[in-house]
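Visitor: What follows is the residue order along each chain.
Number of protein chains: 4
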Amino acid sequence: MPARPRPAPPWDVEAWLNTDAPLNLDGLRGKVVVLEAFQMLCRGCVEAGLPQANRVFRTFSPADVAVVGMHTVFEHHDAQTPTALRAFLHEYRYTFPVGIDRLGGPMALPHTMAAYTMQGTPTLVLIDRAGLRRAQHFGHVSDLVLGAEIMALMQEPAPGDTGARHGEVAP
Amino acid sequence: MPARPRPAPPWDVEAWLNTDAPLNLDGLRGKVVVLEAFQMLCRGCVEAGLPQANRVFRTFSPADVAVVGMHTVFEHHDAQTPTALRAFLHEYRYTFPVGIDRLGGPMALPHTMAAYTMQGTPTLVLIDRAGLRRAQHFGHVSDLVLGAEIMALMQEPAPGDTGARHGEVAP
Amino acid sequence: MPARPRPAPPWDVEAWLNTDAPLNLDGLRGKVVVLEAFQMLCRGCVEAGLPQANRVFRTFSPADVAVVGMHTVFEHHDAQTPTALRAFLHEYRYTFPVGIDRLGGPMALPHTMAAYTMQGTPTLVLIDRAGLRRAQHFGHVSDLVLGAEIMALMQEPAPGDTGARHGEVAP
Amino acid sequence: MPARPRPAPPWDVEAWLNTDAPLNLDGLRGKVVVLEAFQMLCRGCVEAGLPQANRVFRTFSPADVAVVGMHTVFEHHDAQTPTALRAFLHEYRYTFPVGIDRLGGPMALPHTMAAYTMQGTPTLVLIDRAGLRRAQHFGHVSDLVLGAEIMALMQEPAPGDTGARHGEVAP
Numbered sequence: 012m013p014a015r016p017r018p019a020p021p022w023d024v025e026a027w028l029n030t031d032a033p034l035n036l037d038g039l040r041g042k043v044v045v046l047e048a049f050q051m052l053c054r055g056c057v058e059a060g061l062p063q064a065n066r067v068f069r070t071f072s073p074a075d076v077a078v079v080g081m082h083t084v085f086e087h088h089d090a091q092t093p094t095a096l097r098a099f100l101h102e103y104r105y106t107f108p109v110g111i112d113r114l115g116g117p118m119a120l121p122h123t124m125a126a127y128t129m130q131g132t133p134t135l136v137l138i139d140r141a142g143l144r145r146a147q148h149f150g151h152v153s154d155l156v157l158g159a160e161i162m163a164l165m166q167e168p169a170p171g172d173t174g175a176r177h178g179e180v181a182p
Numbered sequence: 012m013p014a015r016p017r018p019a020p021p022w023d024v025e026a027w028l029n030t031d032a033p034l035n036l037d038g039l040r041g042k043v044v045v046l047e048a049f050q051m052l053c054r055g056c057v058e059a060g061l062p063q064a065n066r067v068f069r070t071f072s073p074a075d076v077a078v079v080g081m082h083t084v085f086e087h088h089d090a091q092t093p094t095a096l097r098a099f100l101h102e103y104r105y106t107f108p109v110g111i112d113r114l115g116g117p118m119a120l121p122h123t124m125a126a127y128t129m130q131g132t133p134t135l136v137l138i139d140r141a142g143l144r145r146a147q148h149f150g151h152v153s154d155l156v157l158g159a160e161i162m163a164l165m166q167e168p169a170p171g172d173t174g175a176r177h178g179e180v181a182p
Numbered sequence: 012m013p014a015r016p017r018p019a020p021p022w023d024v025e026a027w028l029n030t031d032a033p034l035n036l037d038g039l040r041g042k043v044v045v046l047e048a049f050q051m052l053c054r055g056c057v058e059a060g061l062p063q064a065n066r067v068f069r070t071f072s073p074a075d076v077a078v079v080g081m082h083t084v085f086e087h088h089d090a091q092t093p094t095a096l097r098a099f100l101h102e103y104r105y106t107f108p109v110g111i112d113r114l115g116g117p118m119a120l121p122h123t124m125a126a127y128t129m130q131g132t133p134t135l136v137l138i139d140r141a142g143l144r145r146a147q148h149f150g151h152v153s154d155l156v157l158g159a160e161i162m163a164l165m166q167e168p169a170p171g172d173t174g175a176r177h178g179e180v181a182p
Numbered sequence: 012m013p014a015r016p017r018p019a020p021p022w023d024v025e026a027w028l029n030t031d032a033p034l035n036l037d038g039l040r041g042k043v044v045v046l047e048a049f050q051m052l053c054r055g056c057v058e059a060g061l062p063q064a065n066r067v068f069r070t071f072s073p074a075d076v077a078v079v080g081m082h083t084v085f086e087h088h089d090a091q092t093p094t095a096l097r098a099f100l101h102e103y104r105y106t107f108p109v110g111i112d113r114l115g116g117p118m119a120l121p122h123t124m125a126a127y128t129m130q131g132t133p134t135l136v137l138i139d140r141a142g143l144r145r146a147q148h149f150g151h152v153s154d155l156v157l158g159a160e161i162m163a164l165m166q167e168p169a170p171g172d173t174g175a176r177h178g179e180v181a182p
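Chains as they are written, first to last, in the numbering used here: chain A, 12 to 182; chain B, 12 to 182; chain C, 12 to 182; chain D, 12 to 182.
Please keep in mind that the hints were generated in silico from the structure rather than gathered at the bench. Note that the Cβ used here is the ideal one computed from N, Cα and C, for glycine as well. A couple of the hints might just be wrong.
Said to hold, decoys possible - Over 10 angstroms on every C-beta distance to chain D, these chain B residues come out as not near it, computed from the model:
id, residue
1, 38
2, 39
3, 54
4, 88
5, 93
6, 97
7, 114
8, 130
9, 163
10, 171
Stated by the list, open to error - Chain B side only, calculated, beta carbon under 8 angstroms to chain A, not exhaustive:
id, residue
11, 52
12, 57
13, 94
14, 102
Said to hold, decoys possible - Derived list of chain D stretches under chain B, where covered just means 3 residues or more per stretch with a C-beta under 8 angstroms from a C-beta of chain B:
id, region
15, 63-73
16, 153-164
Between the sequences and the hints, there should be enough to build the whole structure, so can you do that?
Guide: Dropping the structure here:
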């Protein structure tokens, strides 16, 4: 984790799936945010990253933890289209919100991916209740470590809270 | 298996990937053929069927056993395009030949899928050295059973052979 | 978790393995304790419970979290002997401390198992820095939930601490 | 496989479990025999070898294939006792016959293990219908290869048979 956490960069999203209204970090203030950056044709995302994000989505209360997918396409653009992504999410039964990162950012990366200086996919970002980026994992992170990191952030007071909050886990 | 094996229906393919020349059953006569019908966005295909086909591809000699994929798209047509399939095979490192089943067959199924009366994907078809369809598995078949079935066909004489052939396994 | 946590019952142990000195709850005060009750011939213990305890042992700092095995033999007494347990731990490369629960407790259960009213094996017990029993899982608990529960206890102040403690995870 | 197969050495067994009558190779003549040599505290045996032997036991007809376990204890003698083995087989629900290899053979190995010059456990031996040793795998062999090897032996004529036999697989 960085020595002094800084605000998570805003998301630059072309379209949202699995949600009625667009999401942004300001609207999620007060919750711990688990951001899963992936590509639908990235094998490590399909086999490990997305199933883990889905386990987080099913384990923690949405009142405490928001799981958000981000489709950060930096290769195979003509295959990983919004239409293909929609079919993929349907077939894999993923129901958490997914944003489509805006193409055309610096170094041929999509904008959000570039703003977070991600090295590739999958990348999991942890953002605290105050909107600060607290951890960023490229590749694999174990469920034990991730569960611990999420709880550490859940127990921090939300902005405006007067006392420490004790997160609950619904096993 | 059917009581009396019949010739495997011919393949009706729009395009081939991972091969310089188109494949057909006549050209494979003399070999045992393992035909893996799949869709790139079918979860059971991605997690079980295709990895198994790849294990067969790596385990048996290509002189004895031909592994052939068949992309039988019957849903999500605008997502499972030839371009997307090519990217998928690249990312998953599958190098066995894959045919793209011709769209527009009966009951909105692609032609080859319809000709084999497949119920869905994944479907694995075993074709003997003489071109007869000997087994067709919709869904899961264990490696133990599949290995045994392939060997049973490997040991049958090829058309024109004068004696029984003893297949070899390269572990 | 129980409405009001109570002190974890003391351990009644015949012998200790993988440690030079016997362990007890008083000596572990100030740490979060993960107690894994198992039998060496319990399949769920061998396949899930003990590997998970070992992951906890390797993930968290021993300064914060103590992982302790407890061999709670309630069947196959003549097979699950101390000698057999020692060979088992050696072959499976488990190096965290393991106590052998004292035989002859109530209802033919070993004493510690009975004191904790465990229903069987594996059972995982979480004890906080103050020695209070905070959770007890019979059977499976996911790594995500367990990681979160451990961190929740790690962040509580130890007895005598003046401020909240922030546990660290070594991924 | 050896260039010219030789008769499988006879088994020297102290006691049999999971069978009413002792087994020997003469009595199994006419069947393919899958001999799984293991130790109950050998991790590779517990996690891979024995589950695979059990899959073979459940997949092939006992009229064609005999699965036989052999407890070849060469270490931890005071832990891997007949009593402990009996409890182990019960807890793991293994119901195929298991022989206890006779202690006190050459080089401190049990007699059968030494006669087969096994290098360790698990070791899987394939014996054909005529009682000849045809393959011996120390460590891992894939289900695909094993299924193929078993079927190759199933299709050979049994001693006294007038024609080739075609083994059946019950998937």
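Visitor: It remains to establish, for every hint, whether it holds in the given structure.
Guide: Now for the hints, and whether the structure bears them out:
Consistency note on residue 38 of chain B: stated as away from chain D, and its beta-carbon is indeed over 10 angstroms from all of that chain's, at 24 angstroms minimum. No beta-carbon of chain D is positioned within 10 angstroms of the beta-carbon of residue 39 of chain B; the least distance is around 19 angstroms. Non-interface status of residue 54 of chain B relative to chain D is upheld: no Cβ of that chain comes within 10 angstroms, the nearest being about 22 angstroms off. At roughly 33 angstroms, the least C-beta separation between residue 88 of chain B and chain D is larger than 10 angstroms, which holds for a residue marked as non-interface.
Every C-beta of chain D lies more than 10 angstroms from that of residue 93 of chain B, the closest at about 30 angstroms, which supports listing it as non-interface. Listed as outside the interface, residue 97 of chain B is consistent with that label: its C-beta sits roughly 27 angstroms from the nearest C-beta of chain D, beyond the 10 angstroms cut-off. With a least beta-carbon separation of about 32 angstroms from chain D, residue 114 of chain B lies farther than 10 angstroms from that chain, consistent with its non-interface assignment. No beta-carbon of chain D comes within 10 angstroms of the beta-carbon of residue 130 of chain B; the shortest separation is about 16 angstroms.
The non-interface label for residue 163 of chain B is inconsistent with chain D: the shortest C-beta to C-beta separation is roughly 5 angstroms, within 10 angstroms. A cut-off of 10 angstroms between C-beta atoms confirms that residue 171 of chain B is not in contact with chain D; the least separation is 19 angstroms. Contact between residue 52 of chain B and chain A, as hinted, is supported at the beta carbon level, the nearest pair being about 5 angstroms apart and thus within 8 angstroms. Look at residue 57 of chain B: its Cβ gets to within about 7 angstroms of chain A, closer than 8 angstroms, so that hint holds up.
A distance limit of 8 angstroms between C-beta atoms decides the matter here; for residue 94 of chain B the minimum to chain A is near 5 angstroms, and the interface restraint holds. With 8 angstroms as the threshold, the beta carbon of residue 102 of chain B comes within range of chain A, its nearest partner Cβ sitting at about 5 angstroms, so the hint holds. Note: the region 63-73 of chain D has 4 residues with beta-carbon separation from chain B under 8 angstroms; the three-residue rule is met and the coverage holds. Look at the region 153-164 of chain D against chain B: 11 of its residues bring a Cβ nearer than 8 angstroms to a Cβ of that chain, three or more, so the hint holds.
Hint 9 from the earlier list is the only one contradicted by this structure; the remaining hints agree with it.
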